[in-house]
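Asks: Here is how the chains run, residue by residue.
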Amino acid sequence: MPELKLNQAPAHVRHGSNMGQPLTRRDGVLKVTGAAPYAADSKVEGLLHAVLAVSTIARGRVTHLDVAAAKAHPGVVDVMTPENRPALAEDPDAKTNPFMFRLDLLQNDRVRYPNQPIAVVIADTLEAATEGAALLAPRYETEPARAGLDTEGRFSPNTVGVGNPAEASHGDVEAGLAGAAKRVEATYETPAQYHNAMEPHAIVAHFEGDRLTVDTPSQGLAMAQGRLAGLFGMDPKNILVRSPFLGGGFGSKGFIAGPQILGVLAAKLTGRPVKLVLRREHMYGPVGHRAPTRQTLRLATDGDGALQALHHHTLTASSTFDDFFEPASDIAHTLYASPAIRTSHEAVRVDSGTPLFMRAPGEATGSIALESAIDEMAEACGMDPLEFRLKNYAEIEPLSGKPFSSKALRECYRQGAERFGWSKRSLAPRQMRDADGLLVGYGMGTATFPALMFQANAKAIIKRDGTGVVESGTHDMGQGAWTAFAQVAADSLGLDIEQIEYRAGRSDLPDAGIAGGSAHTATAGTAIHRAGAAVIAKLAALATENPDSPLYGAGNAGVIAREGRLHRRDDESRSETFAAILDRAGLDQIEESGAAATDPAAAGAYAMHAHGAVFAEVKVDPDFGQIRATRLVGAFAAGRIINPKLVRSQLFGGMIWGVSFALHEHAAVDHRTGRVMNPNLGEYHIPVNADVPALEAITVDEHDPHVNDLGVKGVGEIGITGSAGAVANAVWHATGVRVRNFPITLDQLIG
Amino acid sequence: MNRFEYLRPATAADAVAAAAQPGAAYLAAGTNLLDLMKGGIARPDTLVDITRLPGLDTVETLPDGSTRIGALVRNARLAHDAGFARRYPAVAEALLSGASPQLRNAATAGGNLLQRTRCTYFYDTASACNKRQPGSGCDALHGDNRLHAVLGWSERCIATHPSDFCVPLAALDAVVETHGPAGPREIPLEAFHLLPGDAPERETVLQPGELILAVRLPPQAAEFAAHSRYLKVRERTSYAFAVASAAAALRMEGDRVAEARIALGGVALKPWRAREAEALLAGQKPDAALFRRAADAALADARPSAPANAFKIELARRIVARALTLAAAGTPNRIPALPASPFAHQTGGAHHA
Amino acid sequence: MSSPLTLTVNGVQRRFDLDDPRVTLLDLLRERLDLTGTKKGCDRGQCGACTILVDGQRINSCLALAISHDGADILTIEGVAHGDALHPVQAAFIQHDGFQCGFCTPGQIMSAIGLIREGQAGDDPERVREGMSGNLCRCGAYAGITEAVLEAHHTLNRKAEQAA
Ligand SMILES: Cc1cc2nc3c(=O)[nH]c(=O)nc-3n(C[C@H](O)[C@H](O)[C@H](O)COP(=O)(O)OP(=O)(O)OC[C@H]3O[C@@H](n4cnc5c(N)ncnc54)[C@H](O)[C@@H]3O)c2cc1C
Ligand code: SF4
Ligand code: FES
Ligand code: FES
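Chains as they are written, first to last, in full-length UniProt numbering: chain A, 1 to 751; chain B, 1 to 353; chain C, 1 to 164.
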């Protein structure tokens, strides 16, 4: 059994009231006045503009670039091609760890996917650089493109996602299927999707002597710094990466991408500061995407609707030159109880950029298929989808057999269903209409996402004036890092939030790891919490060991930090301000560090996941098949909520991604050329405001003593899981038509 | 975007002279032209900015009762012109279903007529496209063509015209007033856009340099005001082009249709007037069966340009039938919150399965 | 070849010589006037991040040539607040958490100001949603945005009534 951290009262506790409060964003004013600095807003004297030229073929060689024409264009300063690209200290194709992705940095004339950077044009103005790139008019030696999941050469990857086994099972699935009363087998397809953060990847790179400063959006500052150091053969200390605000990341800014590094190379080539901002169409290749999948689900139940077997098989695609395999089947490890479960993955290699983590990688993709299949199974059993899910509720994690560290999913089902009005649902499809005659459908899905911990560090300082400073190189990509971490920091120091300065978003602060896996608040939050605890302990020692302090001798009883004072725990009337303690000690400030990482004991003993239940209402025009997701209610149990306002926004965002997954987004890949034909925001649809008229997110109380000190599970990705399936199931319920090829388009409903 | 010479002529005559030169193009708001220039699809040498030309930005009622929309009248201004919207509600509804509020604030009437297809292969300069580069082929023919044409297409080009505005204009017999090197002329909107045939690069009957001055709606067009709708099926609730659309306008006499007007959008390389369907309705008592027959007639010549877009034929029939049903039920007092959308709340429960 | 250009930007008249007719209003603001609050999400009229008011009307500044707007009156996100006093739309966005990453936010706010001025949506949430549909938000802050616009509409109406 792991330690029960929250139950063991440490000798010195901090007492705060910041966590749990729905504070508005501390960076709100910056964001609503246009003053929040994003990378492309950075100004440096003498800045040049760089624009990529990208390949229009999927495979082959660049045989000619009209560099002369580009250079002749007024304002063009230089053209960077494989011939003059500055040398790198490390091969961009080297891969020494699974978190290192191969990059296209003009290392040769090969083209291995559409929209691969093949040159960079650098000019005095953006207009000149843009036209210079067009004037390069590349010629190619073209080889046939390999595109689509039917490409030859299927194989079983060694691992999927981040080192997960490609195959896993418990029990005998084939026997379960053979002996069952009811069976469902269905195949679902999900398309390639692109992160499409509103902020295109951008970099402003600036060398000063042997120092490099880059402004670039990053979900992993220290990793970006390390990658740059490796490639440029520099001491990481001489590289400063600044990313106070990301205009969205969703995984695409987890690793510094090739185009960003090309911006640095352009600065090196020209000896001038360079700004490189991707055009939207350039984001459909070198900065990652969610891989397409074809998922086959085989399910079977006994006569009572209890699952007897569940096989989730995924065929996905990676690039020809690197490995990322969408772990879509893994969702089946945790969700539903079954005596026999098997998950498996196969893959093909296609001429595309390397796929990457995209908001709920694997979970989102797998969830829409599994939740659809579960609905199909419920239907086969003649059962209400909620009743069916409750019947197959997993009391322990089905695949591993581990107990859950906490799991308030039943309560999510109950509260969500009640709030939504699930009981009014007809069992049979195509029964419900609104006053205008539109078909109405109700659908549901179970949401789940692992409660992960990575690694993070933080530093906490108490200053002589009694205020605090907390530093951690965390990342705000919209989840509200500036606010939530300040809340944790304030509580950890027993200070009002206005009394602390929170510093983040730079690589010269303590390494906060990565903002991903919905683990940033949990991990960096824990590090901050521990740093605060440590500095409070240090402060307490100064007081309790000094006979002049009213707290003298309180060492064993302990003290409580509150509102800038330490109080004796057994006699709160005896207290002293932070300032007085430091003053007496003659110290300007004291500081301590904190670190957080996975607790292997807890991770070994428990299955740790956030859960939720999403209920969706859709309306479908009976004649046209046009669909609108008119109402979504999600109930989520995700441990402790640091800031309900921010959490609501995160959950809504995820739920909208679920709507988008089910109904809107897909890259239209022309299989003849491997090219995405809708590389923009006009034709690559994501929901607009009118697509999501009513959302509601309930957070269900959940106390989890195992996940981390704070009891936080993370809410960044769970919203998309469950929601996508709920919408898909609602479309079926509205129409009676089961579409298994996502997104659900109107032609599939009426065709 | 290539470098170009920028001219801002003071008179229409100067503009026509400048724009008649090879490589010149008119610039109105630029919401289509600049987009095409940024994509390298259009590379004009000279932009002739017409936004300051006098007299082109008004909506006037002429003595004969017709309405003249200046070529520079912004889409939003026209749609929100109360008098105009009352007389031509389907036109206003079509305008408000197009693009976004920001784009409609900029986009001009003339520019809307001349906006070019949204065929993704046309937009992609690495693809073969007869329209963009005559004789190069048509990559859409065997490509991603789910939303391509089902009427009036040729093997040379299967694209559609994306305008919403033009659809009710075609139904209502609008006339385009132009001024070209050869002087002024008038062109019925129905004859303004060209079907692809063998020369998809020829998109309209305009001669080089010919300037649109106005679009005119004849006096009869207002007689349909009480029974006019535009209906647009989309793959997103708003800010999306039509998969297919229809304008339907009825002039009722008692409980009978005296005269009907029907046009379709998103199905062909021009707004598609359905005269046979209109004829079928004249003098009849409206009911669902009649509307369905009219819809069948409207799509009688339809043929998928690829298997993937076959669904659009039946979809378009249903849209026509529904648009007629909605028109028969009467023009709503106010344009619905979701203009032209199937999700606009309908009065009278006109839906049928 | 350069062309003189006069614009009133956030109430201040500015003259320049524009050396390149290709410059859009968006790039003029961002790259030449250091007004980087206005954002570029697509550069093709497909996202609304670049929304500004030109002569009181919201438009996409990425599809507007600067040279064609000689003499125009331009309002950007930087000119919306009065000193430290936020515009009611800005305040409502904070209150209702009408953003996450904040990248679409300047465009959303300018669009909301334009929408309220247009006076077509009133306090009808469906009209507000439709009227704000020219502004994509990949973070999915739409619920907060709609709430914020509705609240700002009421605040501005009350102010107008008090003034009258
Ligand atoms: C993201 C997006 C979504 C859109 N969605 C829709 C939609 O759903 N429905 C819809 O209907 N439209 C839609 N549009 C298109 C929009 O309506 C057009 O871009 C707009 O109407 C063009 O008007 P403009 O004034 O900007 O024309 P410009 O771009 O200035 O000009 C367009 C063309 O017309 C020529 N031209 C302009 N005026 C004249 C004239 N008076 N005489 C001769 N030639 C002239 C120009 O030379 C140019 O070739 C969308 C556009 C975008 C960018
Ligand atoms: S359909 Fe027409 S516009 Fe599209 S590629 Fe073919 S020729 Fe070009
Ligand atoms: S940047 Fe102008 S609309 Fe996207
Ligand atoms: S707040 Fe991030 S895109 Fe809208």
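Hint data in this document are derived by calculation from the structure and do not stem from the laboratory. Some hints here could point you the wrong way.
To be verified - Below 27 Å or equal to it, Euclidean Cα-Cα: the simulated DSSO-like pairs (lysine-lysine) are: (1) A:K71 with B:K38; (2) A:K237 with A:K95; (3) A:K182 with A:K43; (4) A:K463 with A:K391; (5) A:K43 with B:K38; (6) A:K237 with A:K268.
Asks: Take the hints in turn and mark each one as holding or not.
Replies: Against the structure, the hints come out as follows:
no.	hint	in the structure
1	A:K71 with B:K38	holds, 19 Å
2	A:K237 with A:K95	holds, 23 Å
3	A:K182 with A:K43	violated, 65 Å
4	A:K463 with A:K391	violated, 57 Å
5	A:K43 with B:K38	holds, 25 Å
6	A:K237 with A:K268	holds, 18 Å
In the structure shown, a violation is registered for the earlier hints numbered 3, 4, in ascending order.
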